[in-house]
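Protein chains in written order, with the working numbering: chain A, 37 to 151; chain B, 11 to 395.
Think of the hints as simulated: they come from the structure by calculation, not from any bench.
This one's a predicted model, so the numbers in the text were calculated from it and none came from an experiment.
Among the hints, a few may not be true.
[Unchecked claim] Straight-line alpha carbon distances no greater than 30 Å define the calculated DSSO-like cross-link-like pairs of lysine-lysine that follow: (1) B/188 x B/53; (2) B/23 x A/84; (3) A/139 x B/129; (4) B/129 x B/275; (5) B/245 x B/132; (6) B/132 x A/139; (7) B/53 x B/275; (8) B/173 x A/84; (9) B/53 x B/132.
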Amino acid sequence: MTEQENQPASIPMWVCGDCGNTEPTKTIICPICNSQNIDIKQSKGYGKIVASTIIRRPSADSLFDEAFCLCVVRMDEQVLISGHYYECRLIEAGTSVRVLGNKHQVPIFTDTLAN
Amino acid sequence: MNEVVISGVGSTKFGKHDGVTAIELATDASLQAIVESELDMNKIGAIYLGNFVSGFLTGQEVLAGLLADKLGISGVPATKVEGACASGGIAFKHACMAVLSGQCEAALAVGVEKMTHAKTSKVTQALNCALDHEADAASGLTYPGLFALVWQAHASLYGTSRKDVSEVIKKNRSNGLKNPLASMGKIVTAEDIEASPMIADPLRLYDCCPISDGSAAVVVTRADFAQNNKIAPTKIKASVQVSGRAKLAAHTNLCGFETTENAAKQAFENAGVKPADIDVVELHDCFSIAEIVDSEDMGFMSKGHGGGWVSEGRTQINGDLPINPSGGLEAKGHPVGATGLGQIYEVVHQLRGTHPNQVKNARIGMTHNLGGTGVSCTVNILAAE
Ligand SMILES: [Zn+2]
Numbered sequence: 037m038t039e040q041e042n043q044p045a046s047i048p049m050w051v052c053g054d055c056g057n058t059e060p061t062k063t064i065i066c067p068i069c070n071s072q073n074i075d076i077k078q079s080k081g082y083g084k085i086v087a088s089t090i091i092r093r094p095s096a097d098s099l100f101d102e103a104f105c106l107c108v109v110r111m112d113e114q115v116l117i118s119g120h121y122y123e124c125r126l127i128e129a130g131t132s133v134r135v136l137g138n139k140h141q142v143p144i145f146t147d148t149l150a151n
Numbered sequence: 011m012n013e014v015v016i017s018g019v020g021s022t023k024f025g026k027h028d029g030v031t032a033i034e035l036a037t038d039a040s041l042q043a044i045v046e047s048e049l050d051m052n053k054i055g056a057i058y059l060g061n062f063v064s065g066f067l068t069g070q071e072v073l074a075g076l077l078a079d080k081l082g083i084s085g086v087p088a089t090k091v092e093g094a095c096a097s098g099g100i101a102f103k104h105a106c107m108a109v110l111s112g113q114c115e116a117a118l119a120v121g122v123e124k125m126t127h128a129k130t131s132k133v134t135q136a137l138n139c140a141l142d143h144e145a146d147a148a149s150g151l152t153y154p155g156l157f158a159l160v161w162q163a164h165a166s167l168y169g170t171s172r173k174d175v176s177e178v179i180k181k182n183r184s185n186g187l188k189n190p191l192a193s194m195g196k197i198v199t200a201e202d203i204e205a206s207p208m209i210a211d212p213l214r215l216y217d218c219c220p221i222s223d224g225s226a227a228v229v230v231t232r233a234d235f236a237q238n239n240k241i242a243p244t245k246i247k248a249s250v251q252v253s254g255r256a257k258l259a260a261h262t263n264l265c266g267f268e269t270t271e272n273a274a275k276q277a278f279e280n281a282g283v284k285p286a287d288i289d290v291v292e293l294h295d296c297f298s299i300a301e302i303v304d305s306e307d308m309g310f311m312s313k314g315h316g317g318g319w320v321s322e323g324r325t326q327i328n329g330d331l332p333i334n335p336s337g338g339l340e341a342k343g344h345p346v347g348a349t350g351l352g353q354i355y356e357v358v359h360q361l362r363g364t365h366p367n368q369v370k371n372a373r374i375g376m377t378h379n380l381g382g383t384g385v386s387c388t389v390n391i392l393a394a395e
């Protein structure tokens, strides 16, 4: 990868301008304080693994037809994001990761040390 | 909520019912409940039917109206309700509200599902309808995957082990052996569990409740309607339904479900009892790890101690707090729309003293029915007269 490609891919977050709650999907109202003062911000793309599993039998209606590692990541901005780890293996909770890109709109993570 | 009571319950066996329709199953369970309640059919003033995937898997909808027609109850509101796996509990809550509001003097809550005729891949697709598609379905999340993540998070925070979780399976499968309504009663060993296929690490086949057909029904009446019945009615001390955050990533952490915490807290307040007052619980063990997190979320022990309780035998039938003496979803099966009412059926029999796995001196019982990724939840507290 070039240095430019090695930068974490950004992912959008919907941040409440009143209470600071951050949502990982599009919203026009904050589900915590009901404010409609919502800003779209970009995550810096770094976080830590909360949990991971290997989905061995993806749902037939999923866009993924082979086994993959599904992970939940607490981004540095504190929002939880679900996505895939770039390799099909379990990854320990607490591991530092960054967004590598996305596939079918799903964030793909790698550990911060990987190229 | 002492003005309304349960005056009759009915249930089919949960499991495989080849060649029988959902409506036939619901009719069977409903008739049992109505006969037990000693009510004339024309006293049933409302029907609430819980169902989740009939349209998707069988092509048949309007189940509530079809059931009313089958039973010969005409001219009353017959309503299907849906909240994924909590559909049955929601039907019960609405039957309670119909009687409490004075809309009618008796209401029938019935839950039903017909699933075993469909391929597993089709059932997985059907169950995935309960995911937040905008947030989670695209990632390929499945329900086994969700509970595998819950287990991994619980393990990393509290050290919950394969051994702890296997104790849930061993207990519930063993409890199911004596329950004639349970399809999967069995003595299983840790070795059996660890040899079963991995579905979503660390969750194996034995950790998953079986795909099932079945129906359960409950008649709710004004207390004065049932005071002279041959079978003493069961008091409804609290019936709570709450909604919660839908998407996986919206949960505070993955070690439990805020909807369960909210519903249980409200139920204890409404009933005026504490967790320590509960004699028996039927809760939503859709996956083995779920029993551990549910029992913590309901407030029976502090977070992180659910695994220890089951490993020490404290949730056995003769333990400090018997959990799922019916065998739970693990051993009874999980005909989705019927499950919440099946739990009420089991607790009512415990409170009557007529359960095949009777908990000694059971006076107050609790049920817990969880839908989707925690998007809906119902909790009931019931008491013997
Ligand atoms: Zn807000």
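Outcome of the hint check:
1. Between residue 188 of chain B and residue 53 of chain B, the direct Cα distance comes to roughly 35 Å. Violation of the 30 Å bound is thereby established for this hinted pair.
2. For the proposed pair residue 23 of chain B and residue 84 of chain A, the alpha carbon gap of about 46 Å is over 30 Å, so the pair is violated.
3. A C-alpha spacing of about 28 Å is found between residue 139 of chain A and residue 129 of chain B, which places the hinted pair at or below 30 Å, so the restraint holds.
4. Restraint check for residue 129 of chain B and residue 275 of chain B: the C-alpha separation of about 39 Å exceeds 30 Å, so the hint is violated.
5. Proposed proximity of residue 245 of chain B and residue 132 of chain B is contradicted: the alpha carbons are some 40 Å apart, above 30 Å.
6. Between the alpha carbons of residue 132 of chain B and residue 139 of chain A the distance comes to roughly 24 Å, so the proposed pair stays at or under 30 Å and holds.
7. Under the criterion of a C-alpha separation no larger than 30 Å, the hint pairing residue 53 of chain B with residue 275 of chain B is inconsistent with the structure, at around 34 Å.
8. With a CA separation close to 27 Å, the supplied pair residue 173 of chain B and residue 84 of chain A stays within the 30 Å bound.
9. Taking the CA atoms of residue 53 of chain B and residue 132 of chain B, the gap is about 40 Å. The hint is violated against a cut of 30 Å.
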